[in-house]
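Participant: Sequence:
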Amino acid sequence: MTIDKTAIRDAATVIVLRDRDTDPRILMGQRGAKAAFMPNKVVFPGGAVDAGDADIALATQIPDFCADRLREDSAHDLSHALCVAAIRELWEETGLILGQKGSWSEPPAPDWESFAATGHVPTAEALQFVFRAITPPGRPRRFDARFFLLDADEIATDLDDFSAACEELSHLQWIPLKDVRAFDLPFITEVVLAEIEARVTDRNPPAAVPFFKNNDESSLFLRIYGHEQDR
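The sequence shown: position 43 = 43 (the numbering used here), numbered continuously.
One or more of the hints may lead you astray.
[Claimed, not checked] Quick list of the computed label-pair ranges, beta carbon to beta carbon:
id, residue 1, residue 2, range
1, Leu159, Ser114, 16 to 26 angstroms
2, Thr201, Pro137, 35 to 45 angstroms
3, Ser103, Arg199, 31 to 41 angstroms
[Claimed, not checked] 30 angstroms max Cα-Cα, derived BS3-like pairs, lysine-lysine:
id, residue 1, residue 2
4, Lys178, Lys213
5, Lys41, Lys213
6, Lys213, Lys101
Calculated from the structure, these hints are not laboratory results.
Even glycine gets a Cβ: it sits at the ideal position worked out from N, Cα and C.
Build out the structure end to end from the sequences listed, making use of the hints.
Facilitator: Now the structure itself:
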């Protein structure tokens with residue numbers, strides 16, 4: 001199937017936060033110089049939703065109030081596929097596993113064979129939906145990206161072992177949050193970081209999710225509330 005690269009593609013991005021109560025650090029890597037989208041930029045792990053992501057079973061689901069917000073302002077319910085994409089991209093780009101020990105009930109799809117071989121099944125209950133942004137018109141690639149915050153304590157594997165990562169991101173590292181703006185960051189990443197800095201010690205999902213809705217008519221900054229969150 002040919003992918004229309006001018007169309008807006010749904011995507012998931014993972015913000016992994018480590019040592020949030022002492023010396024907060026965040027996991028980032030550098031995109032290649034020849035990448036069509038954000039070359040050379042230092043970014044969070046993430047990427048487009050694949051067609052097969054909706055078919056991957058999760059051992060646990062994202063909290064209901066986050067799922068509600070993921071469904072807001074969306075023509076289709078992508079809450080499951082977005083969570084699967086976030087876990088898959090984290091694995092592919094960093095070699096880190098968000099999952100629990102277990103066996104797959106069916107043979108894994110090709111994209112998940114290496115993940116399954118570690119003896120884990122994917123879990124989503126630790127993901128928090130914290131930001132959404134659509135790439136502005138005129139860019140070579142456009143994405144409707146949902147950003148998920150993840151506490152590094154929820155990772156099942158060694159936080160400093162990136163040996164299973166693909167080569168899409170280089171210089172994977174845990175950057176102190178206080179130092180991250182010294183790197184070459186995309187504009188939207190800086191905006192997201194401001195939101196993360198404001199809630200480093202708050203382990204609850206945000207009451208409302210910021211949404212940069214860039215479409216062909218206008219650029220809007222909205223907030224997604226969804227249903228009331230149970231505290």
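Participant: Can you list which hints this structure breaks, lowest number first?
Facilitator: Of the numbered hints given earlier, the structure breaks just one, which is hint 6.
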